[in-house]
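Number of protein chains: 2
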Amino acid sequence: MSQAAADIAARLLAGETAAGARAIRWLDDRDPRGSEVLSAIYPHTGRIHVVGVTGPPGAGKSTMTDMLVAEWRARGRTVAVIAVDPSSPFTGGAILGDRVRMARHALDPGVFIRSLGTRGQAGGLSRSTHDAALVFDAMGFDVVIVETVGVGQDEIDVVNLAHTTVIAVVPGLGDEIQAVKAGLMEAGDVFVVNKADREGYEAAHRQMEMMLHLRALALPDAAWPVPLLRAVALTGQGGAEIIDAIEGHRAWLEEAGEFARRGALRAREQVAALLHEELRARALALTGDDIVAAVAARRLDPHTAARQIAASLTERNHPA
Amino acid sequence: MSQAAADIAARLLAGETAAGARAIRWLDDRDPRGSEVLSAIYPHTGRIHVVGVTGPPGAGKSTMTDMLVAEWRARGRTVAVIAVDPSSPFTGGAILGDRVRMARHALDPGVFIRSLGTRGQAGGLSRSTHDAALVFDAMGFDVVIVETVGVGQDEIDVVNLAHTTVIAVVPGLGDEIQAVKAGLMEAGDVFVVNKADREGYEAAHRQMEMMLHLRALALPDAAWPVPLLRAVALTGQGGAEIIDAIEGHRAWLEEAGEFARRGALRAREQVAALLHEELRARALALTGDDIVAAVAARRLDPHTAARQIAASLTERNHPA
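Which chain is which? The protein sequence lines are A and B, in order. Following the working numbering, the numbering of the first sequence begins with 1 at its first residue and continues without gaps. Following the working numbering, the numbering of the second sequence begins with 1 at its first residue and continues without gaps.
If you are wondering where the hints come from, they were derived from the structure by calculation, not from laboratory data. Any given hint could be a false lead.
To be verified - Covered stretches of chain A, going by a simulated chain B footprint (3 or more residues, C-beta under 8 Å): (1) 32-46; (2) 269-276; (3) 288-298.
As the list claims (entries may be wrong) - Some but not every residue of chain A turned toward chain B, in silico, with C-beta under 8 Å: (4) R280; (5) T304; (6) R307; (7) A310.
The structure presented is a predicted model; accordingly, all values stated were derived computationally and were not measured. Beta carbons are placed, not taken as given, at the ideal position from N, Cα and C, and that holds for glycine.
Kindly generate the complete structure, drawing on both the sequences and the hints.
Structure follows, in structure tokens:
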């Protein structure tokens, strides 16, 4: 391990904010020192409570995250936030607005906020988020909130890493926007109708009740009684109840042996995501332009090409 | 090749709708006969014009697709539509509504509409879409429209397969929802402000003008003069101008040698996506529970685990 990585790992384990930020940047940039730090800190991880906050655009997720941070701080817990942001530079205004709203925590060493954008590849965001959560874990944070827009496979992959997933919806969004994917619906542990002071609250509440009813029919073995709460995150209303529900879910996870089981699932997901990236890099390097040219010229079809490359990589070592 | 696959390939090449539908279902289901069909038809592909239609939720993409189909049919072109639908069963109503709206083309053999949902894995949607586009290509369709919600990495991967990408926005959506990712913004070849009869059109138009100005600064070498059009897709207004712009873009692509170049890029993307899936399946089968257990128990970190597996698969055959 390089001296720089060893130094960052030691400072990060002592809880130093700047060292944590450096490690996350290295990991996000795929700097090899990031992997070195991660190897060093990994034995010290496994305690943090990973809480996902997701929902359709406009559901007030960042305001809700802000409220949850404030409530947890009032209870003496330290909180890290990973704001997964699939938006473009063109939305700088909105993002800046969100981050400014979070600024009331800026001087609190018990709060650490980090935004991660989508990477150029499917699965890249998932890897960066996993890695950042491990860094916060090693730094000793009690909770990490992963805040993400609930649209797209990449976001579902991110939700898969949470112990507890909070799904926020709001009154008055159209069906198309309100749409919560089946995968997310099944992943939700706590549901919140945010902006509950708005017109249409009753209808939104009924819609969610119906969805949860359908879910209960689809998942008859689910033992956790999924709560449906109301909030006005902008004024802090409902925050205590949401935290109670999240903490209750964690207690339930531990009693049911689910905390460890979800950790193991996460380990598998994370190895798979990393393996993915490793293999793609190696495979594309080995593919070469000749095969691509043959496919482009219609001399070879893409399915056969992919199978040939995969076979050349794996079969001689591992005969079936 | 199995007799069933040979039969479907032959009927598909003769333009038979039912055979095309069967091939797409096999490919989407990862039925091995799908790959057999694809190998047989691949030499007959490479002519279709792949047009992506994307934008934020609520931008009226399916109405716009419907309008483009009608306009192309009026010009004597055959059109296939791949509606990429990352939504859940819970939005069944909305989707049904869209498809019913498309029903006016249902009896027209020159139109073929197929919806594809997200697969369980990142990248899976991209593969299914590529495959379906090849089937339509072999069936002799002139154009295939790939309609997708412009959010999420998976959708960007889908857009990457288009020769021409149309990006739709609408007046009056909030900043967060209006957000078009940088990747999509750069991928756009034709921009449309849809629902142009709504309040806020002028502001939306100005916002897009500004974005296109920023884009021109960021991409000084881009030679195609990106048009910004207006439409009221529900009434068909603006359809002819959009088709003119798309056809103009295709002519420009061919003149500039870009049609072949984008085809080659697509070949690379497609092989990479398929290789991805092949390798993940093989690698996870070889990973085994022991490595996952070691990672879950903190005896091995995930980065090292992934590198070790990748190395065991590839390095003995291909020493660096």
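Evaluated hints:
no.: 1; hint: 32-46; result: holds (count 7)
no.: 2; hint: 269-276; result: holds (count 6)
no.: 3; hint: 288-298; result: holds (count 6)
no.: 4; hint: R280; result: holds, 6 Å
no.: 5; hint: T304; result: holds, 6 Å
no.: 6; hint: R307; result: holds, 6 Å
no.: 7; hint: A310; result: holds, 4 Å
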